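A.B. asks: Given these sequences and hints, build the entire structure.
Residue numbers (my numbering), protein chains in the order written: chain A, 6 to 185; chain B, 273 to 648.
I should point out that these hints are in silico values taken from the structure, not numbers from a laboratory. These numbers come from a predicted model, not from an experiment. The C-beta atom is built at its ideal place from N, Cα and C for all residues, glycine as well. Check the hints yourself; a few may be wrong.
Claimed, not checked - Computed beta-carbon distance windows for the label pairs: (1) B/Y581 x A/P30: 23 to 29 Å; (2) A/Y52 x B/H586: 41 to 47 Å; (3) A/K14 x B/D582: 25 to 31 Å; (4) A/K46 x B/I552: 35 to 41 Å; (5) A/S8 x B/D346: 58 to 64 Å; (6) A/D152 x B/I430: 56 to 62 Å; (7) A/P30 x B/A307: 41 to 47 Å; (8) B/M509 x A/Y52: 30 to 36 Å.
As the list claims (entries may be wrong) - So the derived list for chain A, only partly shown, Cβ under 10 Å to chain B, looks like this: (9) I32; (10) I38; (11) T39.
As the list claims (entries may be wrong) - Over the 12 Å line for every Cβ pair with chain A, so calculated as not near, a few chain B residues: (12) T300; (13) G315; (14) M352; (15) A366; (16) F377; (17) W571; (18) D582; (19) W589.
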Amino acid sequence: MESLSNRKKVVSNKKMSFVESLYLPAIVGGMWITIKHMFKKHNTLKYPEQQRVFAPVYRGMHVLKRDEQGRENCTACGLCAVACPAEAITMVAAERQKGEENLYREEKYAESYEINMLRCIFCGLCEEACPKEAIFLTDRIVPTNFDRDEFVYGKDRLVEQLDNRIDITVRQNTGKRGEK
Amino acid sequence: MDTGLLIEKTILVVVIFAITLFIATYQTYMERKVAAWLQDRVGPDRAGPFGILQPIADAGKMFFKEDFIPANADKWLFIMGPGIAMFTASMTGAVIPWGPPLEMFGRTVVLQVADINIGILFIMGFASIGVYGIMIGGWASNNKFSLFAAIRASSQMISYELAMGVSIITLVLMSGSLSLGEIVHQQHGMNWNIFYQPVAFVVFFICSIAECNRAPFDLAECESELIGGYHTEYGSMKLGFFLFAEYVNLFISSAVIAALFFGGYNFPGMDHFSGNTLAILGTAAFFAKIIFFIFVIMWIRWTLPRFRYDQLMHLGWKKLIPIAMINLLITAVVIGFNSGWFTKKSAKVKQTEKSVAMMPKAKVDAQANYKINFNN
Numbered sequence: 006m007e008s009l010s011n012r013k014k015v016v017s018n019k020k021m022s023f024v025e026s027l028y029l030p031a032i033v034g035g036m037w038i039t040i041k042h043m044f045k046k047h048n049t050l051k052y053p054e055q056q057r058v059f060a061p062v063y064r065g066m067h068v069l070k071r072d073e074q075g076r077e078n079c080t081a082c083g084l085c086a087v088a089c090p091a092e093a094i095t096m097v098a099a100e101r102q103k104g105e106e107n108l109y110r111e112e113k114y115a116e117s118y119e120i121n122m123l124r125c126i127f128c129g130l131c132e133e134a135c136p137k138e139a140i141f142l143t144d145r146i147v148p149t150n151f152d153r154d155e156f157v158y159g160k161d162r163l164v165e166q167l168d169n170r171i172d173i174t175v176r177q178n179t180g181k182r183g184e185k
Numbered sequence: 273m274d275t276g277l278l279i280e281k282t283i284l285v286v287v288i289f290a291i292t293l294f295i296a297t298y299q300t301y302m303e304r305k306v307a308a309w310l311q312d313r314v315g316p317d318r319a320g321p322f323g324i325l326q327p328i329a330d331a332g333k334m335f336f337k338e339d340f341i342p343a344n345a346d347k348w349l350f351i352m353g354p355g356i357a358m359f360t361a362s363m364t365g366a367v368i369p370w371g372p373p374l375e376m377f378g379r380t381v382v383l384q385v386a387d388i389n390i391g392i393l394f395i396m397g398f399a400s401i402g403v404y405g406i407m408i409g410g411w412a413s414n415n416k417f418s419l420f421a422a423i424r425a426s427s428q429m430i431s432y433e434l435a436m437g438v439s440i441i442t443l444v445l446m447s448g449s450l451s452l453g454e455i456v457h458q459q460h461g462m463n464w465n466i467f468y469q470p471v472a473f474v475v476f477f478i479c480s481i482a483e484c485n486r487a488p489f490d491l492a493e494c495e496s497e498l499i500g501g502y503h504t505e506y507g508s509m510k511l512g513f514f515l516f517a518e519y520v521n522l523f524i525s526s527a528v529i530a531a532l533f534f535g536g537y538n539f540p541g542m543d544h545f546s547g548n549t550l551a552i553l554g555t556a557a558f559f560a561k562i563i564f565f566i567f568v569i570m571w572i573r574w575t576l577p578r579f580r581y582d583q584l585m586h587l588g589w590k591k592l593i594p595i596a597m598i599n600l601l602i603t604a605v606v607i608g609f610n611s612g613w614f615t616k617k618s619a620k621v622k623q624t625e626k627s628v629a630m631m632p633k634a635k636v637d638a639q640a641n642y643k644i645n646f647n648n
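C.D. replies: Written as structure tokens, this is what we have:
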């Protein structure tokens with residue numbers, strides 16, 4: 006049959022010649038290869054002291070953004086939860102009351118918003134689905150924990166703090182997003 | 273025997289034992305570093321600067337682990353196994369000449385604990401007892417994997433000791449002596465045995481790797497096939513002893529290779545020095561050679577994959593032993609030819625002349641000097 010991949014090789018069990026059957030030349034050849042590696046530059050990062058720079062499009066822990074005036078962008082439309090292939094996102098919507106205009110940008114907001122970080126596969130589809138630019142994946146890593154319950158992140162850990170805004174401009178301006 | 277000799281030998285024994293343990297300890301570090309470098313990694317670098325305290329941390333870990341003896345194990349044999357392994361490993365250092373004689377307090381201190389006239393046989397004997405530690409340990413564990421490993425180790429030892437012994441006989445034929453002190457002394461300057469017996473060296477080198485149970489001959493402790501090998505059931509410092517004995521063996525066999533084939537403490541240009549300077553430089557040269565061979569054996573370990581069992585036996589019985597035998601035969605014939613056995617006057621040639629006939633002149637002189645020095 007014709008090979009499709011062009012990588013087909015016929016295995017041959019031909020008898021070794023005398024020099025080959027001595028093995029020693031082959032062993033010396035192998036040792037030459039390993040000794041060359043000894044003088045190569047290795048790429049190890051000494052982790053706690055040095056940290057790797059993430060790619061600008063790295064998909065790590067989520068953030069729920071606020072706008073310039075500090076109001077939450079999220080309107081609890083539920084598109085992210087629908088888009089989520091891992092069904093990691095749940096939310097409860099609520100109506101904005103009078104006097105809460107400085108907290109929520111539109112009339113509807115998420116009373117609770119939870120992402121189960123153990124279910125999440127960090128695909129970024131929630132971010133793509135969001136019409137309000139409310140949810141983004143960032144270059145932060147979800148920290149480890151001994152307790153499974155601790156991995157269900159609520160609004161307290163997802164919404165960005167007013168005094169500690171999460172910068173996602175690099176992410177927004179990289180690749181296809183930047184071309185828009 | 274005078275008191276001075278007793279004190280001198282006691283100090284020498286303690287120093288050599290300490291050095292052996294120290295080097296064996298740091299071989300674990302060296303092994304991990306060499307492995308890392310050959311595999312494009314960094315290796316241990318957390319404990320102390322460049323990780324040099326790593327062996328101490330490892331030893332501490334070994335000591336503080338639970339000393340466990342399985343319920344169905346034979347208790348005394350289980351304890352004896354690592355003890356024998358460690359004992360035999362550290363015994364062989366006694367007959368190795370570590371350097372030229374040292375002048376100290378008006379005495380000539382020979383840097384060799386015991387220059388017994390059958391030094392090589394002593395080493396071979398202890399190397400073969402060494403496998404008892406592995407065998408007893410594997411047997412006493414009452415575990416099929418340990419038993420497999422023990423059987424493998426003992427058959428491997430038997431197969432490779434033959435070729436090793438034959439290649440040593442070649443050397444003994446050339447040198448005319450079984451004493452390590454004298455064999456080393458004959459290789460004065462650059463007059464090393466490797467230039468006369470390269471084939472014997474290759475056979476001996478391969479066999480000594482096999483005797484040390486090191487990759488590619490580590491069938492006795494292949495974790496992928498036998499869980500851990502003969503020390504599957506061992507933990508704590510008993511396991512530590514087994515692992516440690518392996519490194520002591522590696523050190524000693526490197527020393528034997530360096531002494532037999534690479535001139536021991538002899539180095540080119542050694543005639544320009546004398547007395548204590550020569551002793552110190554010679555010892556340094558010897559240790560440099562030993563460390564080089566340790567490195568080569570580690571290098572081989574991290575290059576070659578493990579032999580299959582039938583390949584191991586094939587190599588040992590069908591290749592190494594015939595090669596060693598043929599080499600022995602050729603050497604014997606050449607020596608016989610040179611000492612005139614095949615001519616008519618052969619019957620009158622004396623014993624001593626036979627053995628020195630093949631040697632180059634420098635060797636003959638060195639042997640004569642040695643006899644004068646040491647027989648007085």
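A.B. asks: Does the hinted range 30 to 36 Å hold for B/M509 and A/Y52 at CB?
C.D. replies: holds, 32 Å
A.B. asks: Could you check the hint for me, namely that B/Y581 and A/P30 are 23 to 29 Å apart, CB to CB?
C.D. replies: The hinted range 23 to 29 Å holds for B/Y581 and A/P30, with Cβ atoms some 24 Å apart.
A.B. asks: Is the hinted range of 41 to 47 Å satisfied by the C-beta distance from A/Y52 to B/H586?
C.D. replies: holds, 46 Å
A.B. asks: Beyond 12 Å on every Cβ pair: is that true for B/W589 relative to chain A?
C.D. replies: holds, 15 Å
A.B. asks: Examine each Cβ of chain A, and state whether all of them lie more than 12 Å from the Cβ of B/T300.
C.D. replies: It holds; B/T300 is separated from chain A by about 19 Å at its closest Cβ, greater than 12 Å.
A.B. asks: Starting from the hint 56 to 62 Å, judge whether the C-beta atoms of A/D152 and B/I430 obey it.
C.D. replies: This hint holds: roughly 57 Å between Cβ atoms.
A.B. asks: Evaluate the condition: distance from the CB of B/D582 to the nearest CB of chain A exceeds 12 Å.
C.D. replies: holds, 15 Å
A.B. asks: Return holds or violated for the Cβ distance of A/S8 and B/D346 against the range 58 to 64 Å.
C.D. replies: Distance hint for A/S8, B/D346 holds at roughly 59 Å.
A.B. asks: Go ahead and decide if the range 25 to 31 Å is satisfied by the Cβ distance of A/K14 to B/D582.
C.D. replies: holds, 26 Å
A.B. asks: Does A/I32 pass the interface hint, meaning its C-beta sits closer than 10 Å to a C-beta of chain B?
C.D. replies: holds, 7 Å
A.B. asks: Say whether it holds or is violated: B/M352 keeps its Cβ farther than 12 Å from all Cβ of chain A.
C.D. replies: holds, 37 Å
A.B. asks: Verify this label for me: B/W571 is non-interface relative to chain A, using a Cβ-Cβ cutoff of 12 Å.
C.D. replies: violated, 6 Å
Hints 7, 13, 17 from the earlier list are contradicted by this structure; the remaining hints agree with it.
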